[in-house]
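Enquirer: Chain by chain, the residues:
2 protein chains.
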Amino acid sequence: MASGGTHSKAVLVSAEGHILAETDGPCTNHWLVGVDNCINGINDMVQRAKIKAGLDPDTPVCSLGMSLSGGEQKAAIQKLIDDMRERYPKLSQSYFITTDAIGAMATASDYGGIVVISGTGSNCKLVNPDGTQVGCGGWGHMMGDEGSAYWISHLAIKTVFDARDNLVTSPHDINYVKKAMEEYFQVSDLMGMLPHLYRIFQKSHFAGFCRKLAEGGSAGDALCQHVFTEAGKALARHIVAVLPRVHQDLFSGELGLPVLCVGSVWRSWELMKSGFTQVLSEAQAHGYGHFQKYSLLTLRQSSALGGAKMGAQNAGASLPLDYSANINVFFSHTFNQ
Amino acid sequence: MASGGTHSKAVLVSAEGHILAETDGPCTNHWLVGVDNCINGINDMVQRAKIKAGLDPDTPVCSLGMSLSGGEQKAAIQKLIDDMRERYPKLSQSYFITTDAIGAMATASDYGGIVVISGTGSNCKLVNPDGTQVGCGGWGHMMGDEGSAYWISHLAIKTVFDARDNLVTSPHDINYVKKAMEEYFQVSDLMGMLPHLYRIFQKSHFAGFCRKLAEGGSAGDALCQHVFTEAGKALARHIVAVLPRVHQDLFSGELGLPVLCVGSVWRSWELMKSGFTQVLSEAQAHGYGHFQKYSLLTLRQSSALGGAKMGAQNAGASLPLDYSANINVFFSHTFNQ
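The listed protein sequences correspond, in order, to chains A and B.
Okay, so the first sequence: first residue is 1 according to UniProt numbering, each after it adds one.
Okay, so the second sequence: first residue is 1 according to UniProt numbering, each after it adds one.
By construction, these hints were calculated from the structure, which means they are not laboratory data.
Treat the numbers as computed from the prediction; the structure is a model and nothing was measured.
A couple of the hints might just be wrong.
Note: identical chains are not told apart, hence a pair may lie in one copy or across any two.
Said to hold, decoys possible - No more than 25 Å apart at the CA atoms, straight line, and that leaves these computed lysine to aspartate or glutamate pairs for DMTMM-like: (1) Lys-158 with Glu-230; (2) Lys-74 with Glu-183; (3) Lys-293 with Glu-230; (4) Lys-179 with Asp-189; (5) Lys-158 with Glu-254.
Okay, chain A solo, but in the shape it has when bound (with noise of 0.2 Å):
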């Protein structure tokens, strides 16, 4: 199964690679919505997938894999895994939890690449041929999360707030953007915005305001473009952030660099394009001798796929995907030399 910091899904496979049922589920991330809620939500998602493939759901599956938003730090992680094993015997025979990154990136390819996830919260990770990973973000909207819908959505309220207080003048009109706050949130003015921000925080609730951002940009409002084109260069600058370590193999495929971009907030691409391509130019312009190319691909598959496949292994056994039926390229672009 797969977490995001708004949704999760879980797939059921057989030992043959194919899906046998796809289930939905809340936010699973335990940094946001704790232990409890966290082990709850898999077992729920992961019975009802059992019941909806017509098996019983007293026979534990043979492998969990878990792909988490969250799923970084260690002593967490064996901590949720024994919790689990205690609390829902039934659920699976082993069990292996990986982050969202990594279970995106093993859906995709097993040669490796830059994962680039921008949805509630954002990350990125550099997988190497070799397996050896490198992060960059990851660390939730109180350090990071740059480019996520999160931080758009900050981005779009914080330029309202220091405009009305004079403190920075907007680069565009903000009647839009402040309308628009005031509708999503149910506000009457800047005031009204505080126990959004406080008491009642919600960080999907306020991540979800980003919908209504792309609406406006879409729609020619010109302070909506700019946080889109913010949110671009600092997914960007996530890339450029890992590039020194990328093995030179991986930017000599047929599609140069691949970048798998997983997440709602790249549905928005044609309002990032501008700042995401101007920041990698710049970049490559400084002396990247390898990188010629990139391209940006999306998943037509969930990363839980990618999750179960890691689960298996790490049980011993192994899932056979088509990878390439798991992947959309919808972006390259070839430097000038």
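Guided by the hints, dock chain B onto chain A, whose structure is given.
Expert: Below, chain B without anything else, positioned relative to chain A:
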């Protein structure tokens, strides 16, 4: 009484303006601790002050004037007062709530000036001689707090995270800050910071790291000095934000524009000075003809005293305060003509 983001203070004042008793308490910002803890904390401090002054705790004081960080939103304030009346009928005959900034200003002057608070959080308020107010900031750590102890701590820690991620190059060596962070938060790596940012996040504890940075700055660490210089700039930008709205009479006193500096971060003035003076000089050079001089003031008395004065006024009485005894000028600057 007066509250900040970390501590609170109550002063019991006689009709003649003499302080009969002072008591301390924890943070009573209702946004941070909730309405119940806020009310209980205030009641506890005031009742202890009555006992300390040899008064009957069951006899209400004439007036309870409160200067609260987070005391801005009218509906929330009315609810606080209603709850206090109902739950603690022996507390006071009348109630008055204003913000920490206005309570501080009322302690220093009845003519107005600019208050810049930088404690756990930050805030700026211009009070003109006619009583009109213009604010900048004060939205808490999710939407501002620029130049506050929280913000300084966050900036230093974010610099370490970004350097580790190769996302942003630090302007100075990060080793002192990284080590101080690991000691203060009792963690062995960046991953260990996640609970401090989320599950067990406490703004006042996070902000308390600022003291270690001040020590580092005084001992010569360049990154510590850098974050305080940035804080000086950020606080000065709050003043620049309200400058266009300053009544010209406020520029023409002996002190020039009076800026009342409240909160523990101002103890690190020497570290902030270069950034602060630079931003104000640039703003002055870009054309404020009346703005020839400014002076920075601190309070020698708790801003609870100004809260008490305003509470008394609201109850139809007046508390005589000797303003000159309440303030201290610690810096003056006259711009070159």
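Enquirer: Hint by hint, say whether it matches the structure.
Expert: Hint check:
With identical chains, the CA atoms of Lys-158 and Glu-230 are at most 25 Å apart both within one copy (14 Å) and between copies (19 Å). In this assembly of identical chains, the alpha carbons of Lys-74 and Glu-183 lie at most 25 Å apart only when taken from different copies (21 Å versus 42 Å within one copy). For a Cα distance limit of 25 Å, the shortest separation of Lys-293 from Glu-230 inside one copy, 22 Å, qualifies, whereas the shortest one across copies, 39 Å, does not. Proximity of Lys-179 and Asp-189 under a CA criterion of 25 Å is satisfied intra-copy only: 10 Å inside one chain copy versus 42 Å between copies.
Within a single copy, Lys-158 and Glu-254 get their C-alpha atoms no closer than 42 Å, and across copies no closer than 37 Å, so neither meets the 25 Å cut-off.
Taken one by one, the earlier hints fail for this structure only at number 5.
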